[in-house]
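Engineer: Sequence:
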Amino acid sequence: MDLREYTRQYAVQDNRLAALTYFGTFAMYFTSLALAIAFVDRWYVMIPAGVVFAFSAVRLYVLQHDCGHHSLFETRRQNEWAGHGLSPFTFAPFEVMKQNHNLHHAGIGNLEHRETGEIHTMTVREWNKADWKARLFYRLYRNPFILVPAGALFTYFIRYRWPKNTVRFGVRGVLLHNLSIIVFLGLLYLIAGTTGILVWLVFSLLGGMLGVFLVYLQHNFEDTYWDRRPDLDPQLAALQGSSALDFGWWFDNAVACITLHDIHHFNARIPSYRLRACHYNLPPEFTPRRIKFPEAVAALNLKLWDEDAKRLVPFPGKDQSGNLAHSS
Numbered sequence: 001m002d003l004r005e006y007t008r009q010y011a012v013q014d015n016r017l018a019a020l021t022y023f024g025t026f027a028m029y030f031t032s033l034a035l036a037i038a039f040v041d042r043w044y045v046m047i048p049a050g051v052v053f054a055f056s057a058v059r060l061y062v063l064q065h066d067c068g069h070h071s072l073f074e075t076r077r078q079n080e081w082a083g084h085g086l087s088p089f090t091f092a093p094f095e096v097m098k099q100n101h102n103l104h105h106a107g108i109g110n111l112e113h114r115e116t117g118e119i120h121t122m123t124v125r126e127w128n129k130a131d132w133k134a135r136l137f138y139r140l141y142r143n144p145f146i147l148v149p150a151g152a153l154f155t156y157f158i159r160y161r162w163p164k165n166t167v168r169f170g171v172r173g174v175l176l177h178n179l180s181i182i183v184f185l186g187l188l189y190l191i192a193g194t195t196g197i198l199v200w201l202v203f204s205l206l207g208g209m210l211g212v213f214l215v216y217l218q219h220n221f222e223d224t225y226w227d228r229r230p231d232l233d234p235q236l237a238a239l240q241g242s243s244a245l246d247f248g249w250w251f252d253n254a255v256a257c258i259t260l261h262d263i264h265h266f267n268a269r270i271p272s273y274r275l276r277a278c279h280y281n282l283p284p285e286f287t288p289r290r291i292k293f294p295e296a297v298a299a300l301n302l303k304l305w306d307e308d309a310k311r312l313v314p315f316p317g318k319d320q321s322g323n324l325a326h327s328s
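For what it's worth, full-length UniProt numbering labels the leading residue of the sequence shown as 1, then goes sequentially.
Among these hints, one or two may not hold up.
[What the hints assert, rightly or not] With a straight-line Cα cutoff of 30 Å, these simulated DSS-like cross-link-like pairs (lysine-lysine) come out:
1) Lys129 to Lys310
2) Lys133 to Lys164
3) Lys310 to Lys292
4) Lys133 to Lys310
5) Lys129 to Lys164
[Claimed, not checked] Restraint-style ranges between C-beta atoms, simulated for each label pair:
6) Asn281 to Ala134: 44 to 50 Å
7) Trp81 to Asp231: 39 to 45 Å
8) Gln240 to Phe137: 27 to 33 Å
9) Trp81 to Gly317: 30 to 36 Å
10) Pro149 to Asp233: 31 to 37 Å
11) Asn165 to Gly317: 35 to 41 Å
Keep in mind the hints are simulated off the structure, nothing from the lab. C-beta atoms are modelled at their ideal positions from N, C-alpha and C, and glycine is treated no differently.
Construct the complete structure from the given sequences, taking the supplied hints into account.
Structural biologist: Listed below in structure tokens is the structure:
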């Protein structure tokens with residue numbers, strides 16, 4: 001069976017489903033934020049509402065990602081307008097992030113273009129050649145207790161104010177995007193004061209941490225795929241090099257199916273509201289290995305790409321030398 005032909009039947013946009021997804025997520029975002037602020041003195045309301053808000057923020061980010069691929073709504077213009085409309089709430093300037101993400105898709109699995117990925121991965125050979133300062137920095141960078149919270153804080157609140165390639169893809173758009181954030185937070189302050197800003201900030205950071213965790217898992221698991229040209233296989237890079245997370249139906253829908261990243265990389269035109277059906281109806285010969293939550297957490301311990309063993313491995317122990325091919 002031709003997998004590309006199979007996925008095309010799901011790469012069909014429907015404005016009714018798109019609008020329900022888009023405006024429904026916005027409704028959940030603002031309702032949960034309002035509840036968390038209104039009941040800030042009642043933790044048993046504030047915390048669940050805040051968690052729903054955090055997941056809603058992740059959903060908005062994923063929908064903006066869909067708009068960048070022109071896969072959410074039926075026309076290019078609709079997707080562009082919708083993507084820009086999401087920017088103040090995702091903290092991601094649409095045009096520059098769209099172009100950067102397209103570079104990521106073009107460089108998937110390519111060891112010679114790791115700069116297009118969201119999270120940097122060193123190879124074992126690079127680790128062995130690195131001096132102590134480079135190793136220390138990389139150890140800190142890949143520590144999940146630093147990567148997830150500090151990564152979320154830095155990426156969404158600092159780095160995205162001026163993302164990489166801003167000069168190349170649109171200074172004006174980034175400046176207008178930052179202005180729109182100021183307007184949004186200014187309105188929030190006028191309506192809910194300092195309390196509203198603090199509640200928004202805490203649970204936005206929670207959403208950012210969830211986003212970083214999911215972004216990490218998209219390409220960082222034991223039997224992912226990396227290679228160099230001319231041996232690089234784009235189909236393997238898309239399907240084997242991207243994860244399929246099995247955290248259940250509720251979680252998939254809570255994050256707009258960004259968990260099913262393998263099929264997305266194979267055919268980016270499939271909208272998030274059709275991705276689960278496409279993935280779980282795959283013919284048996286194409287059914288991927290799905291990663292459950294315990295393995296996903298364990299994957300945080302994998303740090304280096306072993307080009308000989310062709311798998312992601314942990315840091316070497318003190319008694320280990322260069323070759324990690326047999327390390328666990």
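Engineer: Now tell me, hint by hint, if it's right for this structure.
Structural biologist: Hints, one by one, checked against the model:
Of the supplied pair hints, the one linking Lys129 and Lys310 holds, its CA atoms being roughly 19 Å apart against a limit of 30 Å. At most 30 Å may separate the alpha-carbon atoms for a hinted pair to count; Lys133 and Lys164 meet this at roughly 24 Å. For the given pair, Lys310 sits about 21 Å from Lys292 by alpha-carbon distance, which is consistent with the 30 Å threshold. At roughly 26 Å between alpha-carbon atoms, Lys133 and Lys310 fall within 30 Å of each other, so this suggested pair holds.
This hinted pair checks out: Lys129 and Lys164 have alpha carbons roughly 27 Å apart, not beyond 30 Å. Our hint of 44 to 50 Å for Asn281 and Ala134 holds, since their Cβ atoms are close to 45 Å apart. Between Trp81 and Asp231 the beta carbon distance is about 42 Å. The supplied range of 39 to 45 Å therefore holds. At about 29 Å, the CB distance of Gln240 to Phe137 agrees with the hint of 27 to 33 Å.
Checked against the hint of 30 to 36 Å, the C-beta distance between Trp81 and Gly317 comes to roughly 53 Å, which is inconsistent with it. The hinted window of 31 to 37 Å between Pro149 and Asp233 holds, with their beta carbons roughly 36 Å apart. Between Asn165 and Gly317 the C-beta distance comes to about 39 Å, which sits within the given range of 35 to 41 Å.
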